[in-house]
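Asker: As a plain string of letters, each chain reads:
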Amino acid sequence: DAMVIQNPRYQVTQFGKPVTLSCSQTLNHNVMYWYQQKSSQAPKLLFHYYDKDFNNEADTPDNFQSRRPNTSFCFLDIRSPGLGDAAMYLCATSRGDRELTETQYFGPGTRLLVL
Amino acid sequence: GDSVTQMEGPVTLSEEAFLTINCTYTATGYPSLFWYVQYPGEGLQLLLKATKADDKGSNKGFEATYRKETTSFHLEKGSVQVSDSAVYFCALSGRNFNKFYFGSGTKLNVKP
Chain U
1 DAMVIQNPRY
11 QVTQFGKPVT
21 LSCSQTLNHN
31 VMYWYQQKSS
41 QAPKLLFHYY
51 DKDFNNEADT
61 PDNFQSRRPN
71 TSFCFLDIRS
81 PGLGDAAMYL
91 CATSRGDREL
101 TETQYFGPGT
111 RLLVL
Chain L
116 GDSVTQMEGP
126 VTLSEEAFLT
136 INCTYTATGY
146 PSLFWYVQYP
156 GEGLQLLLKA
166 TKADDKGSNK
176 GFEATYRKET
186 TSFHLEKGSV
196 QVSDSAVYFC
206 ALSGRNFNKF
216 YFGSGTKLNV
226 KP
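If you read the protein sequences in the order shown, they are chains U and L. The first sequence begins at 1 in my numbering and counts up one residue at a time. The second sequence begins at 116 in my numbering and counts up one residue at a time.
Misleading hints may appear alongside valid ones.
[To be verified] PhoX-like mimics (lysine-lysine), calculated; alpha carbons at most 20 Å apart, straight line: (1) L:Lys-214 <-> U:Lys-52; (2) U:Lys-38 <-> L:Lys-222; (3) L:Lys-226 <-> U:Lys-44.
Keep in mind the hints are simulated off the structure, nothing from the lab.
Using the sequences and the accompanying hints, generate a full structural model.
Answerer: Set out below in structure tokens:
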């Protein structure tokens with residue numbers, strides 16, 4: 001089945017220690033998104049890639065970076081995690097066909113714990 | 116700007132009860148509307164969607180009708196099950212195709 005895969009499902013890091021979260025997709029979608037979701041809240045968009053074009057949300061802290069080396073993979077790098085960065089991180093994809101409805105398909109998420 | 120407002124939870128129902136979760140939206144033009152479900156510890160799963168006025172999305176016994184006149188997309192199910200316990204998010208995709216606007220989520224608890 002075509003899908004969005006996130007690894008690991010749980011990640012523990014130390015305060016200030018860089019961490020990378022991974023996302024891959026078999027849907028061959030052009031657009032990949034990263035969301036941060038804190039407990040009992042809606043997902044908050046951090047940024048997205050439309051193909052190789054990076055689109056950052058205005059309120060995303062500089063501490064968060066992303067890389068998309070190819071169509072299938074996208075990484076979220078947190079350069080110096082703080083306690084407030086503990087959250088569920090969700091990756092999503094969409095086709096990128098601007099003519100039609102853009103449905104987003106989500107991965108299972110990576111829960112990040114910062115000690 | 117575009118936005119979505121959902122009824123606050125939690126909503127607690129007995130098994131086989133009727134479910135309604137209200138969702139209203141503000142948007143310019145003709146957005147597409149979605150309901151996503153999130154089970155504990157999981158990502159969001161698309162439950163149903165509607166892309167134009169009067170469309171009805173349906174899946175797994177859940178339904179929602181895109182009502183442009185009332186700017187609403189309420190989620191309904193005739194008979195809920197314990198396994199429907201989850202958080203439900205209403206969302207819209209508007210002029211900016213790559214940006215979703217999510218409601219705050221409504222937690223549903225179904226008791227046996």
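Asker: If a hint holds in the structure, say so; if it doesn't, say that too.
Answerer: Checked hints:
1. L:Lys-214 <-> U:Lys-52: holds (17 Å)
2. U:Lys-38 <-> L:Lys-222: At roughly 15 Å apart (the allowed maximum being 20 Å), L:Lys-222 and U:Lys-38 satisfy the hint.
3. L:Lys-226 <-> U:Lys-44: Distance ~30 Å between L:Lys-226 and U:Lys-44 Cα, so the pair is violated.
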